[in-house]
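The opening position of the sequence shown corresponds to residue 2 in the working numbering, with each subsequent residue numbered one higher.
Think of the hints as simulated: they come from the structure by calculation, not from any bench. Note that this is a predicted model, so its numbers are computed, not measured. Just so it is clear, CB atoms sit at the ideal spot from N, CA and C, and this is done for glycine as well. Hints may be right or wrong, so weigh each one.
Ranges between beta-carbon positions, derived for each pair [unchecked claim]:
1) T32 with L10: 43 to 49 Å
2) F43 with F3: 23 to 29 Å
3) F17 with L51: 20 to 26 Å
4) V5 with I94: 43 to 49 Å
5) V13 with L86: 24 to 30 Å
6) L10 with S87: 26 to 32 Å
7) I24 with L48: 24 to 30 Å
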Amino acid sequence: MFGVASGILLFVGIAFLAVAGWIALSEFFDTLQLALIFGGVFVGLGLIMLAMTRTNKAAVKMAPSVHAPASTAAPAAGMAAVGGLSAAFVQGITAGMAAGKGHTPPEDDHPYH
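Turn these sequences into a full structure, and let the hints guide you.
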């Protein structure tokens, strides 16, 4: 929602700046020259912005077909791997906490506090 509102506000602000620029430059240039200058500037800025938005689109993987062969791996084997991984994670956290209990943090003797 805020993206749309900010885009509208930016558009209105740019429009007012363009009008103010037209008024300021009308003392030095003819209206046809001003129209060419402003048209060229806005087309140039538009082309630059368009070039900046060009990105490589990532390849989209399609979902497997309904008629694809079923997986041969048993679901229980996958769950055992996740259980072992979570047990290793908990063991690592416990070891880290135990190692941290015997260590006191150093005194902060920074003179700028």
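These are the hints, each one checked on the structure:
1. T32 with L10: 43 to 49 Å: Given a distance of about 28 Å, which is not inside 43 to 49 Å, the answer is violated.
2. F43 with F3: 23 to 29 Å: Roughly 25 Å apart at Cβ, these two residues keep to the hinted range, so it holds.
3. F17 with L51: 20 to 26 Å: Because 24 Å falls inside the window, the suggested range holds.
4. V5 with I94: 43 to 49 Å: holds (45 Å)
5. V13 with L86: 24 to 30 Å: violated (54 Å)
6. L10 with S87: 26 to 32 Å: violated (49 Å)
7. I24 with L48: 24 to 30 Å: holds (26 Å)
In the structure shown, a violation is registered for the earlier hints numbered 1, 5, 6, in ascending order.
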